[in-house]
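Undergrad: Each chain is listed here by its residues.
Protein chains: 2
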Amino acid sequence: MKVKVLQNILGVNDQIAARNRELLDKNGVRAINIMSSPGAGKTSLILQTIKNLRGKSLAVVEGDIASTLDADKIGEKGVEVVQINTGGECHLDANMLSIALAELNLKTIDLMFIENVGNLICPAEFNLGEHRKVMILSLPEGDDKPFKYPLMFTTADVVIVNKIDLRPVLDFNLEAFSAHVRGINPDVKLFTISCKTGEGVSDWISWLLSELKDEP
Amino acid sequence: MKVKVLQNILGVNDQIAARNRELLDKNGVRAINIMSSPGAGKTSLILQTIKNLRGKSLAVVEGDIASTLDADKIGEKGVEVVQINTGGECHLDANMLSIALAELNLKTIDLMFIENVGNLICPAEFNLGEHRKVMILSLPEGDDKPFKYPLMFTTADVVIVNKIDLRPVLDFNLEAFSAHVRGINPDVKLFTISCKTGEGVSDWISWLLSELKDEP
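If you're matching them up, the sequences are chains V and E in order.
Everything in the first sequence is counted per this note's numbering, starting at 1 for the first residue and increasing by one.
Everything in the second sequence is counted per this note's numbering, starting at 1 for the first residue and increasing by one.
Since the hints were derived computationally from the structure, they do not count as laboratory data.
Be aware that one or more of the hints could be misleading.
If several chains are the same, the list does not tell them apart, and a pair holds so long as it fits within one copy or across any two.
[To be verified] Simulated crosslink set (DSBU-like; lysine-lysine; CA at most 35 Å straight-line): (1) K73 - K189; (2) K73 - K196; (3) K77 - K189; (4) K196 - K56; (5) K56 - K77.
Okay, chain V solo, but in the shape it has when bound:
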């Protein structure tokens, strides 16, 4: 019974996700769903991108259970931002995104970040209609996480290792981690960055620019 209901929800979700994708494509918006544990650096990555990506129009959809802390930080930079408070739900779904899309002037947007709820599990199960799924693992979380949260690591198009500036004070085997992630997800793009110092951010920006060129 429980599984049947879940399947229904996912069926509806995928239908709405397909409509979101159509709407984004029609308006030439490239949408990127950013997922991670709480505090791994989703907002920091968006803020670094706002600072470093020139000549493109950005918008951000912020997902949180409660509060507008992250949306406020982004709004301060002059970027259009819509907050979704899920009121307890542990992930965004396609319907929440469709409501947010209706609030934005899509014609004027080149790149949209969708910052998901901080959670390494449930967000991986719900397509929103995005073009790319990006996940962030921060160094302090440990190099064993692909074994323990496999769906997130296998569904991501891009895995970003953040807080690389902490490498001298932490035990994290970056080589073993990267080899394992590539093993379970051979097409993944891997970036190592520090949103605090800016190290590695330029590679991420180059990838974003190549994504925007690929647009139909």
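Put chain E on the given structure of chain V with help from the hints.
TA: For chain E alone, kept in the frame of chain V given last:
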């Protein structure tokens, strides 16, 4: 419709949780549910406790979506451990714990740790029948998390701030964080520790011993 199903599940869960609690009490087992984001230090806290808590018999129930990495680490220390692989579920529930309890010789156990799935959201919604809920926030996750994940911070009996050894290299306002947590959860016990260096672990052990004295 969706909400109705969820209420049914929670109703059944609470009934099974009450039976778990009865079974634990009858056998004189004190059970502690440990929750946090991935990599915040649940297993490390258990390993530090195994090392420092003398004269008490421990057992551990390990919850993970996949893998037995953490259970293996605990088993190596000679502590009885039961692994629950949730197969995708983002939290433990009371039924999973009841199955694990049947695998243990409860009569011989003083203290049981239940290591929940790494997730700052869903585990807070499900009672297992435990006596205490302990949550860990690690310093790198940031001091704004009580605003964004309020249920976890208000339902916890104990909040542990881990990785305090990283304080010199991170921006984390411990005073503001502690004041906010006490504001939304006045009865909370707060500990600041480093499972890496052992700093603050003795306060945690003293609290555990006082818990074991309170047993009926």
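Undergrad: None of the hints should be skipped; say for each whether it holds.
TA: Hint by hint, here is what the structure shows:
no., hint, result
1, K73 - K189, "both (28 Å within a copy, 31 Å between copies)"
2, K73 - K196, "both (15 Å within a copy, 33 Å between copies)"
3, K77 - K189, "within (28 Å within a copy, 38 Å between copies)"
4, K196 - K56, "within (23 Å within a copy, 44 Å between copies)"
5, K56 - K77, "within (14 Å within a copy, 55 Å between copies)"
Figure legend: structure checked against the earlier numbered hints; every hint is met.
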